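In order, the protein sequences belong to chains A and B. Here the first sequence is numbered in my numbering, starting from 1 and rising by one per residue. Here the second sequence is numbered in my numbering, starting from 1 and rising by one per residue.
For the record, the hints were derived by calculation from the structure and aren't laboratory data. As the structure is a prediction and not an experimental result, all values here were calculated from the model. Don't be surprised by glycine CBs; every beta carbon is placed ideally from N, CA and C. Be careful, since some hints might not be right.
Here are the computed lysine-lysine pairs in the DSSO-like style, where the Cα-Cα straight-line distance is at most 27 Å [said to hold, decoys possible]:
id: 1; chain 1: B; residue 1: K241; chain 2: A; residue 2: K241
id: 2; chain 1: A; residue 1: K35; chain 2: A; residue 2: K47
id: 3; chain 1: B; residue 1: K284; chain 2: B; residue 2: K104
id: 4; chain 1: B; residue 1: K194; chain 2: A; residue 2: K241
id: 5; chain 1: A; residue 1: K320; chain 2: A; residue 2: K241
id: 6; chain 1: B; residue 1: K35; chain 2: A; residue 2: K306
id: 7; chain 1: B; residue 1: K74; chain 2: A; residue 2: K74
id: 8; chain 1: B; residue 1: K169; chain 2: A; residue 2: K35
id: 9; chain 1: B; residue 1: K89; chain 2: B; residue 2: K169
id: 10; chain 1: B; residue 1: K104; chain 2: B; residue 2: K320
id: 11; chain 1: A; residue 1: K194; chain 2: B; residue 2: K241
id: 12; chain 1: A; residue 1: K241; chain 2: B; residue 2: K222
id: 13; chain 1: B; residue 1: K241; chain 2: A; residue 2: K222
id: 14; chain 1: A; residue 1: K35; chain 2: B; residue 2: K306
id: 15; chain 1: A; residue 1: K47; chain 2: A; residue 2: K60
id: 16; chain 1: B; residue 1: K241; chain 2: A; residue 2: K306
id: 17; chain 1: A; residue 1: K74; chain 2: A; residue 2: K89
id: 18; chain 1: B; residue 1: K306; chain 2: B; residue 2: K35
id: 19; chain 1: A; residue 1: K88; chain 2: B; residue 2: K74
Computed footprint of chain A on chain B, listed as stretches where at least three residues anywhere in the stretch have a Cβ under 8 Å from a Cβ of chain A [stated by the list, open to error]:
id: 20; stretch: 67 to 76
id: 21; stretch: 124 to 130
Protein chains: 2
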Amino acid sequence: MERVRQQILSLLSSGSYSIWYVIDYQDASIPEFFKLIEEMEAEGIIKIENGMISLTEKGKKEAEGMQFHDFTCKECMGTGYELWEEIKKDYESIAASRPPPEAKYDQGYISIDGVIRRLSFIFERGDIYGSIFIAGDDDLFSIAAGLTGLPSRIVVVEIDERIVNFINKVAREYGLEIEAIMHDLQNDIGELKKKFDVFVTDPVETLPGITLFLSRCVEALKGIGSVGYFGLTTLEASRHKWYEIQRILHDMGFVITDIRRNFNVYPDDGKNFFTFQQRLPVFKKIKAKNDYNWYKSSLYRIEAIKEPKPIITGWHKLGKALYHDNESWVTPE
Amino acid sequence: MERVRQQILSLLSSGSYSIWYVIDYQDASIPEFFKLIEEMEAEGIIKIENGMISLTEKGKKEAEGMQFHDFTCKECMGTGYELWEEIKKDYESIAASRPPPEAKYDQGYISIDGVIRRLSFIFERGDIYGSIFIAGDDDLFSIAAGLTGLPSRIVVVEIDERIVNFINKVAREYGLEIEAIMHDLQNDIGELKKKFDVFVTDPVETLPGITLFLSRCVEALKGIGSVGYFGLTTLEASRHKWYEIQRILHDMGFVITDIRRNFNVYPDDGKNFFTFQQRLPVFKKIKAKNDYNWYKSSLYRIEAIKEPKPIITGWHKLGKALYHDNESWVTPE
Chain A
1 MERVRQQILS LLSSGSYSIW YVIDYQDASI PEFFKLIEEM EAEGIIKIEN GMISLTEKGK
61 KEAEGMQFHD FTCKECMGTG YELWEEIKKD YESIAASRPP PEAKYDQGYI SIDGVIRRLS
121 FIFERGDIYG SIFIAGDDDL FSIAAGLTGL PSRIVVVEID ERIVNFINKV AREYGLEIEA
181 IMHDLQNDIG ELKKKFDVFV TDPVETLPGI TLFLSRCVEA LKGIGSVGYF GLTTLEASRH
241 KWYEIQRILH DMGFVITDIR RNFNVYPDDG KNFFTFQQRL PVFKKIKAKN DYNWYKSSLY
301 RIEAIKEPKP IITGWHKLGK ALYHDNESWV TPE
Chain B
1 MERVRQQILS LLSSGSYSIW YVIDYQDASI PEFFKLIEEM EAEGIIKIEN GMISLTEKGK
61 KEAEGMQFHD FTCKECMGTG YELWEEIKKD YESIAASRPP PEAKYDQGYI SIDGVIRRLS
121 FIFERGDIYG SIFIAGDDDL FSIAAGLTGL PSRIVVVEID ERIVNFINKV AREYGLEIEA
181 IMHDLQNDIG ELKKKFDVFV TDPVETLPGI TLFLSRCVEA LKGIGSVGYF GLTTLEASRH
241 KWYEIQRILH DMGFVITDIR RNFNVYPDDG KNFFTFQQRL PVFKKIKAKN DYNWYKSSLY
301 RIEAIKEPKP IITGWHKLGK ALYHDNESWV TPE
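Next comes chain A alone, as it looks inside the complex (with noise of 0.2 Å):
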């Protein structure tokens, strides 16, 4: 955690700042991130009042001779990807009335911006004229997608009966073809393996839970030269847990194409799933008012270099152990 440490007094020697930003800021997991500043603060080199952190003459001298600056690009908030503004207008206008997430399937969407700017790579890559495979959907990437009228098909799988029928209800509307299906990914999927060449997915990120998506999400995969794309956040998904998750990647046959950091925000809108906050054990911890969108994932891009190899076949059961381990500090309880 030295680096990291480095980079939160880094950050601090220019002033003092909201925990939540210093959080988004740090590369460490939430449960690594309060154990050093924990230690920082019993060491007198900073103090927390009010949700905000800062230096203390002794962390002021330790910080001597550092400095902070914000590189990120303003234009593109550091993602590489302008918006695809003709998709984006119809698209904001649709995920206005989406249905509000929900507790417990872990939901929580990612902002318009990054929705459309996924679109935009994925456009980019050659991927969107094949057929989609969506794990999940409360982003609504699937309409976004279609609204394009360039992928040859497009199904989505998810367990909640109300995007199910919101997808269902707008691709009538508006002409896409979208077809959302009711599906619990503890069970397999049946008719619908080996028809796909991309997937996408935003997976839970407890180890169980993610072996689980992604075996799903390849199983729906036609075969070399598929492609799939998911979030992961090193929030809720420290680097030991990556490194296994890169494992299971490789092990199932594909090689990573991209990691791009910070590529999905999940914005504090008002209706997002910050509203679950009296159960999210991050807002316990903290208590201060959220005043940053600090909930952020990376985009992972992975092709199939062997045949597709699922780690789990059939039925699976995981239960609670779908959403929760020591680090999932951000799902509600």
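Please arrange chain B on chain A, whose structure you already have, making use of the hints.
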């Protein structure tokens, strides 16, 4: 290659493009790319004249309904990062008198802006404050890093005496804490083992070569939590090679935290390695004048989750296999 075919059709649906532009736009390696466009030409889908590729009438029918958009952020060239302007100024004036690339070492340098953006990214990660080991530095990254005054130590190992002398001379003149040492990576790094927080390298891209480069770099790292940055193209390293490299990284104990596509651009500024084009297979194949900065690489960042374990230790002779394999089409013969 179906997906890359879609990428090419999608692009050409908007007009004709220089073959160099098309090589950069698509995702396959150079040998795969040539195989594909030769197939498309034989099918009568595309035509290639004076280095320009366009759709035939038959191709236009196949591409009906396709679209092309360039969504790359123009502000940051798709990298997501701004320039560190204060550093750029001095770095640029120093780099103006760099030794020209040497064919026998497969040299070629990243653009000024590319080096500076790499520095921005390393700064953001908190990695700039540590000790930095650089294996091969015709990019003069050591000088950019040294100009910030932030790293605790910078050591360059480099086979080319001209570059060693250049870096040491600049370091003396500007009072930078950089030490450049003559070293052939076929030898191990002796007392530099286990001394550094960070490594930076742009390795050769043959599998034996990159295994050697990464092994030496990994051996320089202190231990768990240490990190590495390196560039890797898709042009001279196919996805199969990437897959092997990712297994090697995992076996050495590293998680991949970032893969940023097209982060590094090798500019054709009249002095870079493009001057060797008589000896570069890709130019023998294409014959058309280069009119676009098409040679780019992805930036990897990796972090040690376990005690770093190099694949190769001790003296390791490679000879020609260091530089050449059947994908090395942009490496001097």
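These are the hints, each one checked on the structure:
For the proposed pair K241 of chain B and K241 of chain A, the alpha carbon gap of about 24 Å is at most 27 Å, so the pair holds. Note on K35 of chain A and K47 of chain A: the hinted pairing holds, with a Cα-Cα distance of about 14 Å set against a maximum of 27 Å. Under the criterion of a C-alpha separation no larger than 27 Å, the hint pairing K284 of chain B with K104 of chain B is consistent with the structure, at around 18 Å. With a CA separation close to 25 Å, the supplied pair K194 of chain B and K241 of chain A stays within the 27 Å bound.
Among the hinted pairs, K320 of chain A with K241 of chain A is consistent with the structure: their alpha-carbon atoms are about 18 Å apart, no more than 27 Å. At roughly 20 Å between alpha-carbon atoms, K35 of chain B and K306 of chain A fall within 27 Å of each other, so this suggested pair holds. Only pairs whose Cα atoms come within 27 Å are accepted, and K74 of chain B paired with K74 of chain A is accepted, the gap being roughly 12 Å. The hinted pair formed by K169 of chain B and K35 of chain A fails the criterion: a straight-line CA distance of about 45 Å is larger than 27 Å.
In summary, the hint linking K89 of chain B to K169 of chain B is supported, as the alpha carbons are separated by about 19 Å, within the 27 Å threshold. The suggested pairing of K104 of chain B with K320 of chain B holds, with an alpha-carbon distance near 10 Å, which does not exceed 27 Å. Taking the CA atoms of K194 of chain A and K241 of chain B, the gap is about 25 Å. The hint holds against a cut of 27 Å. Restraint check for K241 of chain A and K222 of chain B: the C-alpha separation of about 22 Å stays at or below 27 Å, so the hint holds.
Taken as a hint, the K241 of chain B and K222 of chain A pair is honoured in the structure, with Cα atoms around 22 Å apart against an allowance of 27 Å. For the hint pairing K35 of chain A with K306 of chain B, the CA-to-CA distance comes to about 20 Å; that is within 27 Å, so the pair holds. With a C-alpha separation of about 11 Å, the suggested pair K47 of chain A and K60 of chain A falls inside the 27 Å cut-off, and the hint holds. A hinted pair counts as satisfied when its Cα atoms are at most 27 Å apart, and K241 of chain B with K306 of chain A qualifies at roughly 13 Å.
Simply put, K74 of chain A and K89 of chain A have alpha-carbon atoms about 21 Å apart, close enough for the 27 Å limit, and the pair holds. This hinted pair does not check out: K306 of chain B and K35 of chain B have alpha carbons roughly 41 Å apart, beyond 27 Å. Between the alpha carbons of K88 of chain A and K74 of chain B the distance comes to roughly 19 Å, so the proposed pair stays at or under 27 Å and holds. Counting residues of the stretch 67 to 76 of chain B whose CB lies closer than 8 Å to any CB of chain A gives 8, so the stated coverage by that chain holds, three being the minimum.
Evaluation of the coverage hint for the stretch 124 to 130 of chain B: fulfilled, as 6 residues show C-beta separations to chain A shorter than 8 Å, against a requirement of three.
Hint violations for this structure: numbers 8, 18, all remaining hints satisfied.
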